[in-house]
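S.K.: Sequence:
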Amino acid sequence: MSRPALAAAGMFAVLALAIWQIPGMKFTAWLCAGAAGVCLLWAVLCRWAQTSRRGKVCKAVFLACLCAGAVGFAAIEAVLIFQGEQDHLDDPADAVIVLGAGVNGTVPSLALSTRINAAEEYLTRHPQTPAVLSGGQGPGEEITEARAMYDALTARGIDGGRLLLEERSTSTAENFAYSTALLRAEGFDTENGTFAVVTNDFHCVRARLLARRTGLNAFCVPAELPLAGLGANYYVREAFAMVKTVLFD
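Going letter by letter, the sequence shown gives residues 1 to 249 in my numbering.
I should point out that these hints are in silico values taken from the structure, not numbers from a laboratory.
Values in this document were obtained by computation on a predicted structure and should not be read as measured data.
Ideal placement from N, C-alpha and C gives every residue a C-beta, glycine not left out.
Take these hints with a grain of salt, some might be off.
Said to hold, decoys possible - Now the in silico label distances, taken between C-beta atoms and shown as ranges:
hint, residue 1, residue 2, range
1, D90, F248, 29 to 39 Å
2, D189, C67, 42 to 52 Å
3, E85, A181, 29 to 39 Å
Using the sequences and the hints given, assemble the complete structure.
M.R.: Below, the structure is given as structure tokens:
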């Protein structure tokens, strides 16, 4: 058992180094590095279990924890994928909140571009519905994420008078906190109204959770990432982000 585990550890280590070079895939690289560490630990436990009763117990406990973690991870992924595939484009809302993502200088990132596309489609189908474009300015960004979305949507014919800019937020929780305050200031009933949230498909579950924490009744309009590999990377990362949000935030 130890030799295959050592071989797997080496494979994951090499894979981590290769994936590290791909933009947007660093979390997957860290995950592969972690898998290499798990395989190495398993090899050590297998060797220890051959000579020690205590080693056998530790090996069994480690295996049980590993299986429980795998089952939990699979369950979270199933929920993320299911929610990310729901189609709510025709569902009415009092207002839309479009969550920001990275901007490269003044150019929307791939994730933000897909959110802009989904927002454009929803707003076109619901021409009377206003939207809050939510996102501040981070490192490497020459304009706020909200401004990048505004420029893109108005260039596509969406009336700028329908668009409210929230340009302070730096996290999803702040997106909702500041957007909710802005909606209230504009006279929206944030306690009894219904709101559409535009974000990427992998992010829908956590976005709805955080929306509810601010008192919003919200449904998600998912924006699909077109690259399968990058999308898988974000879905895996989101499972860990969900655990952090539920347990610690």
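S.K.: Output the numbers, in ascending order, of every earlier hint that fails for this structure.
M.R.: Of the numbered hints given earlier, the structure breaks none, since each of them holds.
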